Structures are given as C-alpha cells and as structure tokens.
Amino acid sequence: MSASRETARRAARVAAARAYVLPLALLVAWELSTRFGLVNTRLLVAPTKVIAAAWRELQQGGIVTPLAASLARDLGGAAIGSVLGVLVGSVMGVSRRWEHALGPSFHAAKQVAIFAWIPLMSVWLGTGEVAKVVFVALAAFYPVALNTFEGVRSVSPSHVEVARVFAFSRVQVFRRVVLPGAAPSIITGVKVGLVYAWLGTIGAEYLLAAAPGIGNLMIDGRESFQMDKVLLGVVIVGAVGVIISAAAANVEARLLRWRS
Amino acid sequence: MVQAISAYKLDETGRGIESARWRVPRSAGRYAWGTLFPLGLLGLWALAVERAWAPPQILPPPRLVLATIVDLVRSGELLNNYLISLGRVAGGFFLGAVLGAVLGGAMGLSKRLEHYLFPTFNALSQVPVLGWLPLAMMVFGIGESLKIVIIAQASLVPVAINVLQGIRRVPPQYLEVAQVFELSRRQLLRRVVLPATVPSLFVGVRYGLTLGWLSLVTVELLASSEGLGFLIVWGRQLFQLDLVLAAIISVGVVGLLLDKGLALLESRLLRWRPQASWSGEKVVAS
Chain A
2 MSASRETARR AARVAAARAY VLPLALLVAW ELSTRFGLVN TRLLVAPTKV IAAAWRELQQ
62 GGIVTPLAAS LARDLGGAAI GSVLGVLVGS VMGVSRRWEH ALGPSFHAAK QVAIFAWIPL
122 MSVWLGTGEV AKVVFVALAA FYPVALNTFE GVRSVSPSHV EVARVFAFSR VQVFRRVVLP
182 GAAPSIITGV KVGLVYAWLG TIGAEYLLAA APGIGNLMID GRESFQMDKV LLGVVIVGAV
242 GVIISAAAAN VEARLLRWRS
Chain B
65 MVQAISAYKL DETGRGIESA RWRVPRSAGR YAWGTLFPLG LLGLWALAVE RAWAPPQILP
125 PPRLVLATIV DLVRSGELLN NYLISLGRVA GGFFLGAVLG AVLGGAMGLS KRLEHYLFPT
185 FNALSQVPVL GWLPLAMMVF GIGESLKIVI IAQASLVPVA INVLQGIRRV PPQYLEVAQV
245 FELSRRQLLR RVVLPATVPS LFVGVRYGLT LGWLSLVTVE LLASSEGLGF LIVWGRQLFQ
305 LDLVLAAIIS VGVVGLLLDK GLALLESRLL RWRPQASWSG EKVVAS
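Taken in order, these protein sequences are the chains called A and B. Just remember that our numbering sits 1 ahead of the position in the first sequence, which is counted from 1. Just remember that our numbering sits 64 ahead of the position in the second sequence, which is counted from 1.
Bound conformation, chain A alone:
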C-alpha cells in the first residue's frame, strides 16, 4: 500500500519535473541563439532583454497605466454586457413568446464575427472610450445571454411546481427558483463572457483610436519595431487572461457553495 503510494508520488514528481524541461530548453536556446547572432536580433530579442524592458517600463509607469486602462474597459464592458445578457437570456428563457420573437434575430446577429461591427460602431459612437466599452459589452453579451437562456430553460419543472404549491408570485418564482437553478449556467456564461471581453478589449484597442492600453502598447511596440515591448505585451495579455479566469473560478466556487 505505502509502496504503491510511494511510486505514485514519485511518478507525480517526475511528471512535474518534465514540465520544466521544454520551457527551460526553449529559453536557453532562445537566449543563446540571440547572444551568438544565430537569428535576426531585431526580430527575436533575448529573454533577458524582455525582462529588462519589463523592468524599465514598470519604473516609468509604462505598464501600470495602460494595464489599469485596459482592465477598466474590460471589466466595465463585461459588467454591462453580462447584466444585459442575463436580462435578455432570462426573458427568452422564461417566455416562449419572447424566445420566438427575439431568438432568430439573436442567432442571426451572433453569426457576424464580432470585430466586424467595429468599423460601423466607430461611425456611430466615435473611436473613443464609449465605442470601446460598448464593443467589449457586446463581446460579453452573447455568451452570457446564451447560457442564461439555456440555464433558465433547464430549471427543473418539479421545483417550479413546488413553488406553485407555496403560491409564490411570478417574481418570487423567478427570484427564488429559476434564478438559483440557472445560476451554474449563468456563471459559466459570465466566465466565457470574460474571456471574450478580454479578447474584445485587445481587439478594440488595436482597431479604434489610440489611448493608453495593453493592446496599444503592443501596436506601439510594433510600429517602433521594439520587439521586447511587443513580447512584454504578449506576456501581459496572457497573464491577465489567466488571472481573470482564475478569479472567476474562485468566485464561482464561493457562489455555488450552497449546492454541495
């Protein structure tokens, strides 16, 4: 028993150690190839240079300010989009009539790759902050609405029946039965919405007017051919995505604790 547990533990340790082999090898090969001039150093800057760039930008406020601006757009837009998504999804989920009325339009609009709306929105809303936040909200809206709709539809009919026996009002049924029943699905929608909102934030910063932001940091880096800045942006974009997802999973676990 303990022997088999020991082998299992050793296997886990081996697996964990193997995880570092490739990244370390890549980093070393990358650093060495730039040191010895094996690659075009304008295109591939050494990892140490990227770290130096990170340090430089951090000290000059070149990371914190754009990051704060991007996050404000991202979270603000995601919040607006999620609220609207829950509203529209609930209305379509609760009433067949509304589903039939809005569903086809909703599904048709969803087929348009969202970034295609940006040029149109830039005419109607300008290229400033409003257009960006509205676009991020749109990106978050679809997954939240869709998952809310499906969650509301899948609420167990017997639960609604019980509420009916207790003579709940329509609002009470929604608040006490339908909404908690649909909560896991709604939260899934919000999580997907957050991913799309972050994607939308970066895209909106590329395509709309320049303002402080991580997307802009990268575009600037590209235009001035500062590869270290661009790579720094890639790392930040990835890290922020991971942190937002992890935070959302954490909140999900707290919110759904009553279920277990």
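Worth double-checking, as some hints may not be accurate.
[What the hints assert, rightly or not] Derived DSS-like pairs (lysine-lysine); straight-line CA-CA distance at most 27 Å: (1) B:K324 <-> A:K192; (2) A:K111 <-> B:K324; (3) A:K111 <-> A:K192.
[Claimed, not checked] Away from chain B, derived, C-beta distances all over 10 Å, residues of chain A: (4) S5; (5) V29; (6) P48; (7) L68; (8) A73; (9) N251.
Derived by calculation from the structure, the hints in this document are not laboratory data. Keep in mind it's a predicted model, so treat the numbers as computed, not measured. Glycine is no exception: its CB is placed at the ideal position from the N, C-alpha and C atoms.
Go by the hints and put chain B onto chain A.
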C-alpha cells in the same frame, strides 16, 4: 396566479407547455413572431431615414444597402472577396487542424510526451490569438502568410486540446473489451480510440473554425487589401455605410455557412453512433 406561473411550466421532456392564452400555432406563429422584431427594426430604420433623424452618411436607407448587395453580387466583387477570405480560412484551418490533431494525438497516446509538452503548450495557449497578432505582424509581415499563420494558430489550440481530452476520455470499458478481443495496438487505435475521439475532435474543429474566422476578420480589418474584412474597412474609409453594412451581412452569412455546414457534416460522420448510449455503463449493461 396560476396563469402567471404557467409560463415557467415545463413538461418532463423539457419542452414547454404553455397556457392556452399563450399558445401560438406551432410553426406558422413561431415564424411570424420571429419576423416581428427584425421587421420592426427595419421599419424604425426606414422611418429614421425618412424623417432624417440622422444624415444618410451615418444611416444609409435600407434600400441602398440592398442595392449595394445586389451591385456587389452582380459585379462579382462579393464573390471575389468571399473566395479570398474562405481560401485563407481553408488553408490556415487545414494546417492548424492537422498540426493540432497530431499534437493532441501524440500527447493523448503518450503520457510521457504529455508531461513534457502539455504544460508549455497550455501556458502558450493562454495568450489569445489576437495577443500574438502584433508579434506575428513583425515576424511574417502583413502578407498572405500572416493570415494563414493566425488562422492556423487559432484552430490548432482547440483541436489539440479536444483530441487530447477525447483520447483521455475513451471509456475504459472499451479498452477492456479490446483487450479481451486481443486487438493489436494498431487495431485498437483504428477501431476503438479513433472512433471514440471523433465527437471530441468535432468540438475542437467547430470551436477552432469559429475562432479562426473571427481572427481572420480582425486581421483583414487591420492589415489587408482584399477579403470581406477589408471590404468593411474600405467602405468605412469611403464613408459608404451601405457598403459597410453589406459587408457585415456577408460576414454573418459566412458564419452561418460555417456553423450549419459543420453541424451537417458532424451529424453525417456520427451517424454510426447509437443515439442515447454515450456512456460506459449503458454499453456494459447491453
């Protein structure tokens, strides 16, 4: 009270039963309701143009958008841009899906390879495709290869992850049966693992294609001189919103085609699958 609640009432199959007051004749009524909202929007749009609530440069009349679409179709310009965009998607997606399937398959079949590759792969895949875009523009320029690479990358990640998960989730009972029948490793792969992975592969393909298309439109908006995304930017630069709207509708049509086409292909490929018994227990029980 009862009537108010009955809108929430669902029968045991999960399809709703509505109170008599709410029921509309099945198909006809349903379609009528579905057209109500778009027609209302169209009416409002026409009214706004008629009353000149907004200048026609900002809000072109619906007639003009339709005429522009007809024009684009007649001149062959639309078809041309469709072919360019779809050609890019096809090329990039094929490349990405094949690489993704090989990578996911290799990691699925070898635990050791998974241990070496997956953490790095997973970390890299956390950066959304658009996050790589400025980098890719520096390395590949803004030509055709940029589009292919971006679509390939967008489709590689979901395909690889889903193939890996598909292989990991092959029901152990299947493998036991295969052992009883003394299948060779090759037979095991072809007869058991591959068919059991197809549904999961399809999830990846679907997701990858959607993401690839989304990324391509963005790249075409940013850096292109042809394709549907470029058509939108071009219309925007000329301040011809009729052209912009026509191109947006065309982008939506591609999305619809990809979605429906894949659903059709999926149902054809998975026809062999018994309807409701996609779980290990039931297979053993029968």
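Tested hints:
no. : hint              : verdict
1   : B:K324 <-> A:K192 : 26 Å, holds
2   : A:K111 <-> B:K324 : 13 Å, holds
3   : A:K111 <-> A:K192 : 18 Å, holds
4   : S5                : 17 Å, holds
5   : V29               : 14 Å, holds
6   : P48               : 14 Å, holds
7   : L68               : 14 Å, holds
8   : A73               : 19 Å, holds
9   : N251              : 17 Å, holds
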